Structures are given as C-alpha cells and as structure tokens.
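Residue numbers (the working numbering), protein chains in the order written: chain A, 1 to 348; chain B, 1 to 151; chain C, 1 to 663; chain D, 1 to 326.
Warning: the hint list may mix true and false statements.
Simulated crosslink set (BS3-like; lysine-lysine; CA at most 27 Å straight-line) [as the list claims (entries may be wrong)]: (1) D:K188 x A:K27; (2) A:K28 x D:K188; (3) A:K263 x C:K316; (4) C:K230 x C:K316; (5) B:K106 x A:K69; (6) C:K80 x C:K663; (7) D:K225 x C:K614; (8) B:K140 x C:K614; (9) B:K140 x D:K207; (10) D:K207 x C:K606; (11) A:K263 x A:K41; (12) A:K337 x D:K115; (13) B:K131 x A:K27.
FRET-style restraints, in silico, Cβ to Cβ [claimed, not checked]: (14) D:E236 x C:C403: 52 to 58 Å; (15) D:G303 x A:D216: 51 to 57 Å; (16) D:G120 x A:E11: 51 to 57 Å; (17) C:K614 x D:S18: 24 to 30 Å; (18) A:D281 x D:E132: 43 to 49 Å; (19) A:R233 x D:E174: 39 to 45 Å; (20) C:P437 x B:E138: 52 to 58 Å; (21) C:T602 x D:E174: 46 to 52 Å.
Source of the hints: derived by calculation from the structure; they are not laboratory data.
Being a predicted model, the structure only gives us computed values, none of them experimental.
Glycine included, every Cβ here is placed at the ideal spot set by N, Cα and C.
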Amino acid sequence: MLKIAKERLNELYAKINETMGLFMPIKKAGEVNYHVWGEGKEVSLETLKTVKSPKNMFFPQTENMMKFKTEGKNIEIVDVREKLAAAAEDKPFVMFGVKACDYKAIEVLDKVFLAEPVDTYYQIRRNAATIVTLACSKPEESCFCSVFGIDATAPQGDVTTWLDENYLYWQANTEKGENLTKLVETLFEKGGEAEVETQKANTQAILEKLPFANLDLSRFKPENLNELFDDTRWEEMSEACLGCGTCTFVCPTCQCFDIRDFKTNEGVIRYRCWDSCMYSDFTLMAHGNSHTTQMQRFRQRFMHKLVYYPSQNDGLYSCVGCGRCVNKCPQRLNIVKVIKTLGGNKND
Amino acid sequence: MQEVTTKKKEFTPNIVAFCCNWCSYAGADLAGSSRLSYPANVKIIRVPCSCRVNPTFVLKAFQQGADGVILCGCHPGDCHYVTGNYYTRRRMALLFNFLNYMGIEKERTRVEWVSAAEGQRFSAVMNDFVKTITELGENKRLTDLRVKEGE
Amino acid sequence: MQRIGVFICWCGSNIAATVDVKKVAETIKSEPGVVYSENYQYMCSENGQQLIKQAIKEHNLTGIVVGSCSPRMHEATFRKTAEAAGLNPYMVEIANIREHCSWIHKDMDEATEKAIVLVRTAIAKVKLNAPLQAGESPVVKRALVIGGGIAGIQAALDIADAGFEVDIVEKNATIGGRMAQLDKTFPTLDCSACILTPKMVDCAQHEKIDILSYSEVEEVKGFVGNFNVKIRRKARYVDETKCTGCKICMEKCPSKKGLNTFNMGLNNRPAIHIPFAQAIPNVAVIDPEQCIKLKTGKCGICQKFCGAGAIDYEQKDTFVEREYGAIVVATGFKPIALDNFNEYGYAENKDVITSLELERLMNAAGPTDGVLLRPSDGKHPKVITFIQCVGSRDTSGCGKPYCSKICCMYTAKHAMLIREKYPDTEVHVFYIDVRTPGKNYDEFYRRAVEQYGVDYIKGMVGKVYNENGKLMVQGSNLIDNEQITIESDLVVLATAIEPEPSIRKVATLLTASIDTNNFLTESHAKLRPVESPTAGVYLAGVCQGPKDIPETVSQASACAAKVIGLLAKDKLKTNPCVAVPDEMMCNGCSQCANVCAYGAITYVDKEFRLGGGKTEIRRVASVNPAVCQGCGACTVTCPSGTMDLKGFSSKQIMSEVEAICKK
Amino acid sequence: MKDVELKMLERAKQLLESGEVARVIGWKKGEFYFDPAPASFETVEELGDFVYNGFCGANLSKYLIQASKKEGKTAIFLKPCDSYSFNQLVKEHRIVRENIHVIAIECQGKLDIEKIKAQGISAVTEVEEEGESVTVSSLYGETKLNKAEILLGKCASCKGKTHQVKDEEIILHEMPAPINNRFDEVAKLEAMTEDERFAFWREQLQKCIRCNACRNVCPACSCVKCVFDNPASGIEAKANDDKFEEQLFHIIRAFHVAGRCTDCGECSRVCPQNIPLHLLNRKFIKDIDGLYGEFQAGETDNGKTPLTSYTESDVEPNNALGGEAK
C-alpha cells in the first residue's frame with residue numbers, strides 16, 4: 001500500500017493530467033459532478049453522490065453515433081467511432097474518486113453494453129478508462145449499498161484509495177492500476193495498512209446503523225415476477241409520480257437510450273441520448289405506446305431494477321443503493337419505498 | 001491579433017427578417033420597386049402577421065446560426081388583423097428583454113413597424129440593422145454548435 | 001417522395017440583369033427533391049405558364065417553386081397555372097427574387113447567391129406544403145351601406161338597380177350627408193340640392209332600398225357573404241310610420257334655441273325638427289338634450305298639436321339584426337376642428353368662418369336665405385379674404401399632412417359666385433399652390449381669376465386679427481416678396497377635411513384597417529382601390545381619402561359593381577390558410593380565444609381514448625374556418641403547439657429559417 | 001404545527017366518513033421526518049399515514065387536473081401560495097372547480113433538507129421543529145439550526161399568507177408576513193453586464209440534465225403534450241446535446257408560462273442540480289409588472305393574462321429594456 005499526504009494531492013492530479021485525461025468530482029455552480037480536472041478547480045472527493053453518476057463518462061447523456069453528410073443529392077455516411085477511438089488511444093483517462101456503489105454500477109452497465117452485440121461506443125471509452133475508486137468514510141442516511149452486497153469501505157476498481165484527515169492511501173488492483181501507479185509512484189511513500197483498517201472498521205460500524213441497512217430483497221426473484229407485476233399497490237406507490245426523469249438521469253445504472261436525428265448545416269447527425277422509462281413517450285412505437293399510464297411506467301422502472309435485470313444477469317440487481325433517487329425525487333418517491341412496500345425490512 | 005482583425009472585417013452577418021404580409025413585406029416590395037438597396041444578407045420570411053412569429057422561430061434562427069433577427073409588422077393600430085401586432089409588441093418586448101437577461105446582446109433582436117408605404121424606411125431599417133449586427137459580430141451565445149459542425 | 005419543379009423567371013432584364021438566372025436554375029437542380037429546374041424570360045406570360053403546366057404534367061411534379069417577382073404580384077397567377085395543370089394551387093411557393101433581390105442588389109454574384117438561397121428557402125417550404133381545399137360559404141344577397149351621403153346613396157342605388165336588397169344605415173335623421181349642405185357644385189355650378197335630392201327621393205322610393213336613418217351599426221359578426229349586423233335604431237321620439245312631415249310641431253315647439261347643425265350652427269332650430277326641407281325620410285326628430293318634455297317631463301306641446309299622433313316620448317332605442325353579404329362603408333368627412341389654429345382668430349371673430357359655413361350662408365335655404373350677410377352684424381361684406389390650406393398639407397403636426405383636395409376648387413367657386421352676385425365685393429385668395437387636376441377644373445379656376453377678377457395671392461397668412469371692427473389679414477405675397485395686410489369684412493378658411501370620427505368604431509367593428517390619418521385603407525392603392533383588406537367590405541367616398549363629388553360618385557359606383565359581383569355569386573370560396581387545432585394536444589386553456597380578433601375559436605368537450613379501455617373528456621379548441629382570417633395570433637399564444645396555421649405552419653416557417661441560415 | 005396536523009387529519013376523516021368527498025389530497029409519511037410525499041387518501045384507514053409538517057413544501061394543486069375529473073368530490077389541502085396555482089388552473093379550465101373542496105391550511109414556511117445537509121450535516125435521521133429552531137439528529141450527532149437559514153428558497157421570499165381561494169380553512173396560528181424581496185436577485189442579475197449575465201446562466205444551465213422535473217412539477221406546465229416532447233413542434237428535444245438546447249428549453253418554458261406563472265417556486269425546489277430556475281420566471285414577472293402594470297397570476301380564476309391583452313400605448317420592444325416603461 002502507498003500513501004500521499006492530503007496537501008500533495010494536487011501534485012498527484014497534475015502528474016496524472018500530464019499524460020492522461022482526469023475526471024473527478026468537481027464543484028461547479030454549487031453542484032458536484034464529474035468534470036475534467038484543472039488547476040484551481042474545486043475538487044470535492046468527499047462528496048458521496050455527484051448529481052450525475054460516473055456513467056456519464058462511458059455512456060454520455062448524448063452522444064453522436066454517425067453523421068450523414070449531404071451535398072446536393074449525395075449522402076455520405078461518416079462513422080464517428082474512428083475519431084472517438086483515435087482520441088481515446090491518444091489520451092486515455094482516469095476516473096478518480098469513484099465510490100463503491102458507482103463502481104458496481106459500471107459493472108452493471110458493462111453487462112449490458114459489453115455483452116454481444118458489443119456497444120462499441122461504450123467499449124472505446126470503457127477501455128480508455130482507468131478507474132480509481134475511493135472508499136466511503138461517512139455514509140449518509142440515504143445510502144444502502146450494503147443491501148446489494150457492496151462493501152463501501154473497500155471498493156473495487158483499477159486502483160482503490162482511502163482518504164483520511166492526513167493521507168490518501170493507494171492500492172492498485174489491476175494491470176491498468178499498476179500502470180497508473182508506475183506513472184505517479186514517485187509521489188508516494190509506502191504504508192498505511194493500519195490506518196485503512198481502522199477506517200474500514202469505523203465506517204462498517206456506521207453502515208450497520210444506516211436506516212436502510214436492513215432492506216429485504218428476498219422477494220425480488222424471477223419466480224415472483226408475475227405476482228410482483230400484478231401487485232395492486234403499484235397504483236398508490238406511483239400516484240404522486242410526476243413522470244419526470246430525475247430518478248433515471250441521476251441513477252448510475254439506468255441505461256435506456258433513444259436514438260434521434262439532428263439537422264445540421266452539413267446534413268444530419270444521428271445521436272443517442274438518455275431516455276427515461278418515466279417519460280410518456282418511452283417505448284413509443286408506430287402503433288402507440290405499450291405503457292399508457294404513469295403507474296405502468298413507474299412499475300417498469302422498479303421491476304427492471306429488481307426483477308427483470310437480475311433474472312437475466314445471475315441475480316445481479318441493477319440497483320446499487322447509491323440513494324441518489326432517494327435524495328433527488330421531487331415528490332420523495334424512491335426505490336426504498338418500493339422495496340419496503342413490496343419486500344419489507346429484514347427486521348420487520 | 002492581425003488575423004483576428006482581418007477576420008472581423010470579413011464577417012458578414014446572416015439576418016433573418018420576419019415580415020408581415022400586409023405591411024412590411026409590401027414595404028420590402030416597395031423598397032425593391034424603388035431600388036432602395038440594403039445588404040444581401042438580409043433574407044425575408046413572409047408571415048401573415050407579425051403575431052404569427054413564435055419565439056421558437058426566433059430561437060431557431062439563432063440556433064441555426066443567424067446573427068440577428070428582426071421582426072417587422074404593421075404600425076400598431078394598423079394591423080390588418082386588427083390587434084395582431086399589439087400581441088407581437090408585448091411578446092417580443094418580454095422575449096427580447098428576457099434574452100438580454102440571459103446575456104444575449106440586446107442589439108441582436110429588433111422589432112420595427114414598417115408600413116406598405118415605407119419602402120424607404122424598410123431599406124433604412126435593414127441597412128441600420130445590418131450595420132449594428134456587423135459591429136456586434138457573430139452570434140456565439142445562442143448558436144448550436146452541432147449546426148456548424150464541419151465548418 | 002416529393003417531386004419539386006423550379007421555375008426561374010428572368011422578368012425580362014428585371015431579374016436577369018442582376019441575377020444569373022441560368023446559374024440559379026442549374027444550381028437548384030442538385031437540391032434534394034428537385035426533379036426539374038428551368039428558367040424563362042417571362043414566367044407569367046402565356047408561354048411561361050404553358051411551360052410550367054407542361055412540366056407539371058410531364059414530370060409528375062408534386063409542388064412547384066417560381067422564382068420571380070413578389071408573391072403579392074403573381075402568386076395567384078401561378079396558383080391558377082398549377083391548378084390548370086391538375087396540381088393543387090397551394091402546392092406553389094414563390095421565391096421573391098425581384099423585389100427582394102435583383103432590384104436591390106447591384107453585384108451579380110451577391111444577388112445570384114441570394115437568389116439561390118431564396119429559392120432553396122421556398123423549396124424547403126413547399127416540401128412541407130399540403131394540398132389545401134378552399135371551403136365554400138353561401139352568400140346572403142343583401143348589402144349594407146353605412147352612411148347615407150352621396151357615396152352611400154349612389155352605391156345603394158346602383159346595387160338596388162341590379163336587383164339586390166340594400167339597407168342604408170345613416171346616423172343622422174336624414175340621408176343626404178355633406179352634399180346636402182352645399183350650395184352650388186363645381187365646375188358646372190349647378191345647384192347641389194337640385195342634383196342630390198332627386199337621388200335621395202329615388203332611394204326612398206326604391207323597392208329594394210331600406211333607409212335606416214338615425215341609426216348606427218352596433219355589432220358586426222360573420223364574414224364576407226355572411227355578415228350579421230346589429231343596428232341600433234336610436235329613439236327619435238317620433239313614430240316614423242306616422243309622421244307626415246307637416247312641421248306643425250316645429251312651429252309650436254317652445255324650445256327653439258338649439259344650434260342648427262345642418263346650418264353649421266349659424267342659426268337655431270327647435271328641439272323637434274326636420275333637418276331640412278327635403279330631408280329623407282321627411283320625419284321629425286326630437287333632440288333629447290333640448291326637449292323640455294324629455295328633460296323635465298313638463299311640456300308635451302308637440303304631442304298635442306301632432307295631428308298624426310306620431311310623437312312618442314317613451315320611445316327607446318331598438319335593435320335590428322340583419323344578415324348581409326357585403327358592406328359598403330361611406331361614412332364621409334367633417335371639417336377639422338380649428339383649435340390648433342389660433343392665428344386665424346376663428347374662435348374670437350364671428351366673421352372668420354369656414355368654407356362650409358360660407359356654403360350655408362350662400363344657400364337659398366340657409367340661415368340668410370341665400371343673401372351673403374356676415375354673421376357678426378348681418379351686413380354685406382365688401383372685402384372677403386379666403387385662406388387656403390388651413391390645416392391641409394401641414395407637417396407641423398397641428399393639422400393634416402395630406403392635401404384635402406377639394407378646397408382649391410370650392411374656393412374658386414365661392415370667389416366666382418360672390419363676384420357674380422355682388423360685383424362690388426373685393427375677393428382675395430391666399431394660396432400655397434392652386435391644384436386643379438380634373439376635367440374642366442383648371443378652366444374653371446382661370447375663369448375665376450381672369451373673368452371674375454379674383455385676387456389670388458401666393459403666400460401664407462400669418463395672422464388674422466380684429467382692429468376697430470375690421471379683420472386684418474396679415475400675410476406674405478411671395479410673388480412680390482412683401483408682407484401685406486388686407487383689411488377684410490369676412491375671412492373664409494378653407495378648412496382641411498378629415499374622416500368622420502365615428503369611422504374608428506366602424507373600422508373596429510368591421511376589422512377594417514385604418515391609416516395614420518384615420519382614412520380606411522384600401523386593399524391595393526392602385527389595383528383594388530375600393531376594397532378594404534377585410535373581405536366583403538368596400539370603401540366609398542372620403543372615408544377612404546379626400547375626394548370631390550364626381551370622384552366620390554365614381555368610387556361609389558365602383559363599389560356597387562364589386563358588391564354586385566359578389567352578391568351575384570351563390571357561394572364563395574374561403575381562404576384555406578386558416579388556423580387548425582390538433583385536438584390531441586389541446587388543453588382547452590382558452591388563451592387562443594382570448595387573442596382571436598374574429599371570435600373564430602370556440603370550445604367543445606370531446607372524448608379521448610386513453611388506452612386500457614379508459615376514456616377522458618377534454619375541452620378542446622375548435623376553429624370556424626369561415627371566420628378565421630389566418631393571422632396566426634392563436635398559434636403563438638398556445639403553449640402546447642395545438643394551434644397551427646395552414647399555409648404558414650410552424651414547421652414550414654422553421655424550415656425556411658433553416659434554409660436561410662444554412663451556409 | 002402538530003395541532004394543525006391533527007386538525008387536518010380530523011377534518012379529512014370527517015370528510016371521508018361522511019362521504020362528502022371521495023378522496024383527500026395531502027401528504028403521507030415517508031421514510032424520514034423530512035420526506036413526506038404527496039398522496040391521495042380514499043379511506044380513513046389510509047389516513048394512518050397522513051402527515052403535515054415543515055417538509056410538506058410540495059404544491060399539490062397540479063394533482064387536481066386528474067383528480068377533479070374523477071368520480072366524486074376531491075378535498076385538497078392548499079397552502080397560501082398553492083392557492084394561486086389552483087386559481088390559475090381553474091382559469092385555464094384545467095380543474096373542474098365544482099368537484100373540488102379547498103381546505104386552506106396554515107403555513108409557517110417550509111424547510112429544505114438540502115439546505116440542512118449543506119450545513120455539513122450528513123446521515124440525517126430525525127428533524128424536530130420547535131418554533132423558530134430546528135433540531136437535526138444524524139448518525140454523527142445533533143445540531144440546532146435556525147429555521148430562517150433552512151427555509152425552502154420559495155419560502156424565503158414568501159408572497160404572503162392569504163389564500164386566494166378556499167372553501168374552508170384550518171389556520172390556528174398567526175402566519176408570518178410576506179417577504180417582499182423576490183425581485184432582489186433578478187435586479188442583481190440585471191445590474192450585471194451582458195457578459196456576466198451570460199456567464200452566470202451558462203454556468204447554471206450547463207448543469208441541466210433535462211430531467212424535466214421543473215416542467216413536470218410546474219402547475220403552469222399542464223400541457224397534454226409538451227412541445228418539447230412533440231416531434232411535430234419542430235423544437236422537440238429529449239436530452240440536451242448542446243448548450244443551445246438547455247437555453248432553448250428554459251427560455252421557451254419561461255415564455256410559455258409568462259403571465260401564467262404564479263411564482264410558486266416548485267421548479268427550483270425540485271431541480272436536482274439546484275439551478276435557480278425561479279429567477280427565469282421572476283424576470284418575466286418583474287418585466288410584466290414594470291411594463292404593463294402589476295399582475296399576479298392566480299389572484300383570480302378568470303380574466304386575461306398580460307400576454308393575451310394589450311393597450312394601444314404599450315412600450316415598444318426596442319425601448320423595453322430593463323423592464324420599465326419609458
């Protein structure tokens with residue numbers, strides 16, 4: 001294990017930034033999101049929940065897929081991936097400060113985008129990234145990652161880091177992580193195992209006390225699919241839902257997108273953008289919409305997270321308990337309320 | 001620096017002018033038949049009444065890279081549709097004020113009342129507007145970068 | 001897939017001299033959707049139109065763009081061309097490459113480039129055009145004439161003679177208007193009453209004409225062919241059907257101190273009165289402001305003496321509602337108020353009078369029985385000074401910027417008549433210019449100068465003031481370049497004329513546009529001079545602009561011809577470019593109806609399927625396409641984008657914006 | 001405040017039991033004290049979850065668009081500022097007034113959990129309100145806060161404590177006076193240079209994730225289908241791909257609600273990126289007040305709005321800058 005004094009972190013960032021892109025939680029206009037690091041930027045590593053999750057770095061909210069260049073009656077199709085790949089190769093990047101839940105979320109996304117047929121756009125970015133995770137030391141009331149078996153005190157990733165009052169502790173886990181370590185090694189000194197263990201224990205104690213630590217997921221199994229789907233309580237659970245996309249857009253695992261065209265001076269750009277199952281035009285097709293009510297849309301989201309996705313991915317839930325939706329839903333609806341209503345609490 | 005200055009000189013703005021069919025479009029026709037010139041970068045879109053101009057059209061023009069947008073209609077009180085331009089007047093007063101509040105240069109947007117008899121005025125207004133926008137420079141704040149891709 | 005044809009017109013050299021028309025046509029060929037592009041010397045000519053028709057048929061065109069003069073000029077022409085070739089006329093767009101391009105630009109490259117953009121813009125629009133079908137609406141075969149002066153009378157007679165019913169609504173108690181107040185008429189000097197009153201009688205006796213005197217238009221609904229008009233019949237306190245016009249009431253009425261407005265207030269009349277001897281209808285009216293009975297409840301003398309029992313103090317305003325196919329506006333004029341012209345001393349000096357007052361003073365039926373006596377002391381004036389352009393051609397803001405057109409001629413007439421009747425009278429005329437265009441007009445004026453020795457002084461009057469009972473007219477003589485003062489007994493002001501003020505209300509009711517001088521605007525100054533932009537509304541007389549009697553009568557007859565043409569049709573085609581709501585999007589919020597000037601929008605409750613077998617009843621907007629005029633105010637007010645305008649849809653306009661901005 | 005809650009609960013029970021109303025719209029308990037959610041109660045049993053506390057900031061009036069079309073009457077609890085939205089929706093024929101029973105309720109200003117957290121308090125488990133002081137308990141300790149520091153943005157410039165509409169009221173204590181500072185921030189922005197203003201909004205709007213929370217919560221945004229969701233509108237946009245679209249969305253949204261926005265402040269309350277969206281709407285309100293005379297949307301449930309009316313002497317757009325008639 002390596003460590004670096006807290007006040008020297010800027011040197012670390014600068015060193016990484018010399019050869020690689022560096023994205024990390026940075027406060028801009030009052031809100032912390034992943035932004036490109038730069039000298040003078042307000043880094044906020046402690047922020048547990050950036051508003052937008054790190055998924056934005058691999059699966060951006062909007063992304064061009066191809067261009068149709070038109071000149072008169074001629075159309076030329078331009079594959080933007082060549083440029084994208086070249087840029088990624090030219091400048092791989094580091095995602096710094098990713099929390100355990102968000103790292104787990106990337107795994108969830110990988111199963112979608114890297115499975116056949118591979119989403120090459122996602123893949124290019126994913127391959128170019130080295131992920132440096134940061135263990136949580138001060139979880140919030142809305143955190144419930146432990147329910148999904150995530151250890152917030154020891155996240156995975158190419159490199160795992162811990163931060164206490166004095167030092168950042170660094171441990172490489174993968175080849176990518178080793179490579180990155182080599183790049184910045186000179187800045188580090190050895191040691192820190194004991195401090196990290198202490199922090200882990202302290203955090204663990206808090207995690208156990210968190211109000212949502214005992215959510216019961218046992219009922220969310222493929223065999224209960226029909227029963228859950230037909231539950232009469234969806235109606236009342238969803239009645240206050242506004243149909244906005246906040247929960248899906250702050251969610252680190254929501255992966256739905258829409259593909260659209262945009263007219264430019266040169267022709268047309270075909271791009272994809274995040275979609276939300278909460279929207280009235282979600283899965284709108286020529287014949288109409290298969291989800292006609294907000295209840296159906298609401299149900300879709302939670303059934304997907306807790307039943308559909310796990311049934312196709314060896315029981316892996318596509319919720320990581322980050323609690324963003326708990327904090328951000330305008331009308332205070334969220335997955336916790338759904339889990340409690342349908343699944344209950346282990347202690348109940 | 002040198003390059004910047006020369007570039008600035010070459011800048012010819014793209015101006016979208018919405019003209020109501022009854023007064024201002026006819027005023028533009030009169031400017032034409034009176035051979036009263038104004039720069040070729042003013043392009044006119046004919047609408048039945050200035051009240052047909054939706055703020056989205058104005059924004060669309062800026063999105064697509066227009067450098068200035070001007071609305072022309074009958075003088076208040078002379079609207080062919082009686083009251084149309086009164087609504088235009090309120091809408092655009094509020095919209096333009098608002099755009100300026102968002103930091104869009106106030107000179108980029110304008111409303112002028114030009115009657116069918118005011119060919120001279122039409123030409124003068126357009127000359128003046130083009131001059132203003134040329135001095136102001138390119139619309140950078142309300143343009144959609146995607147539109148200009150590849151330029 | 002759209003198949004667009006593009007036709008670039010040279011307009012002789014009008015376009016071709018500054019726009020490389022061949023290059024435009026050639027460049028446009030590569031535009032997506034364009035399957036045919038051609039240029040020709042005169043697209044609007046028979047051969048040019050033939051070329052378009054042929055191309056439409058041969059190339060199966062689904063839409064065409066004509067790059068030519070303004071659509072205000074030939075859009076209709078090319079629509080007809082398209083229609084003749086079997087293409088929906090609304091699949092035509094015009095790129096204005098003449099007025100908006102070739103005529104204003106000198107540089108050929110620049111103009112050509114702009115022409116290409118304009119044509120592309122029109123292509124972008126036409127691609128989104130939809131075939132539109134003009135609707136049909138029936139025509140009510142009755143006309144309304146607002147105003148019973150010579151213009152209204154002439155129009156009514158002509159329309160009625162063609163066999164259509166006509167109603168004349170006159171706000172005064174009699175028809176006749178200003179012309180009835182005149183003495184003689186130029187340039188023939190025949191007596192105004194002699195030529196007008198027979199026409200008034202014709203109106204009264206015409207079986208197709210209904211005169212609604214002492215009435216005003218209150219409300220106008222509907223549209224061309226189908227106007228619904230509410231008319232207020234003001235209480236005249238005399239039963240029109242009973243009054244015989246014997247005038248006993250006028251003799252007996254104890255309240256005789258009312259200003260005789262017919263005589264421009266130069267003498268008095270009783271509270272109950274018939275405006276003048278030849279009034280039509282020849283029925284008395286009571287001025288409620290002056291009538292003792294109506295004000296205090298005590299009197300009732302006229303009722304006692306009325307043999308016909310026509311007096312009815314209880315009469316109230318009544319309303320009639322009638323349907324009309326066409327409306328002629330002939331609301332006439334009035335001389336302007338002279339409040340802004342203190343320099344002429346009109347308010348202080350009784351002997352400073354307006355020309356219309358002079359008309360009454362010289363009229364045999366006037367307050368002085370036709371003997372020219374000055375108002376102050378009833379003496380014959382020996383020196384009379386006329387001042388021209390009082391408030392006309394005035395750019396100072398005090399008067400009117402326009403020429404009132406009639407003053408030069410009537411002043412010559414007045415001067416001549418005075419010199420004829422009272423040869424010992426000295427007559428001076430101050431003028432800026434003497435304007436005498438018109439048949440026999442200049443000859444008439446020259447007679448005044450040469451034969452009758454009227455002293456015309458080119459120059460403006462600075463001041464008229466009273467000195468020892470004499471009116472001192474101080475002015476400049478520009479020919480002799482000197483300041484002069486003329487000691488006069490009577491000063492006559494050729495006062496500017498302006499539209500009758502009630503025109504504003506009428507214009508609002510009719511949604512007819514008005515210019516800055518309150519004259520009604522014609523649809524086209526040269527080619528549609530008697531039509532208002534509001535379909536079915538026609539303009540006659542001074543309400544449209546200053547004019548004399550012959551011109552007024554011509555215009556009235558022209559109006560009549562237009563009205564007859566309209567009423568002769570059984571059905572009218574309506575403008576298909578109207579607002580159309582998408583009910584699926586409508587919230588029923590009523591904002592669109594709030595801004596509709598025509599009352600074209602109503603709301604209906606409609607049932608919508610929600611899916612899952614559920615339905616919902618929603619209030620949605622509905623547009624009456626026959627009433628909608630297609631301004632588009634509703635389209636912008638609507639936040640949900642429910643309202644769109646056919647022919648100028650949001651998508652069309654946005655695609656035009658895109659095409660213009662595309663570099 | 002507890003007494004107000006009890007009284008509301010009691011009244012809701014009566015109304016449901018007597019059958020006077022088929023449902024009551026209020027708030028129900030969440031996982032914490034600070035996360036009550038809007039809810040519709042149809043039975044007395046359901047009222048077990050009923051809650052009314054300092055975190056019931058949501059404006060419930062928009063729920064009536066659907067509820068007022070349902071079978072039977074709906075009772076709703078409206079705070080003073082919510083009553084403006086109610087009137088505006090009635091004016092726009094979005095609510096069937098006869099089907100609604102409005103219970104005007106007391107409001108002492110609502111609290112913002114984000115502001116509490118912004119004080120550095122993490123893992124909040126309990127909040128206690130006691131007059132002007134608020135005690136926040138968390139896994140890491142207890143903190144006493146002053147209510148004024150943690151008021152919702154909209155409550156920090158409260159329009160006043162008068163209900164614009166009510167069928168009955170539950171007001172047990174005196175409510176605080178209006179705070180007339182709502183244009184201060186707008187004026188501050190107006191005083192900046194164009195460049196500064198542009199930079200300010202650029203930075204703020206860059207955060208926008210186009211989640212549509214502002215739109216979907218807005219009582220004025222009650223369109224059956226929003227133009228931004230409608231491919232036929234020509235400005236449809238699902239997610240922002242460019243700075244322009246963020247601007248387009250917020251400019252058009254502000255314009256569409258101009259003259260209709262009651263300044264309920266919900267847009268800013270719900271924004272996950274805390275963009276001060278109310279400053280957009282307030283600019284329109286300020287300009288309307290300045291140019292065309294003071295106008296408060298939702299003060300009445302009828303009449304035209306400033307944008308559907310005019311006077312012949314209205315200020316010319318080119319001279320209207322700054323929002324004061326010249």
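Would you pick out the hints that fail for this structure and give their numbers low to high?
Numbers 3, 5, 6, 8, 10, 11, 13 and 16, in rising order.
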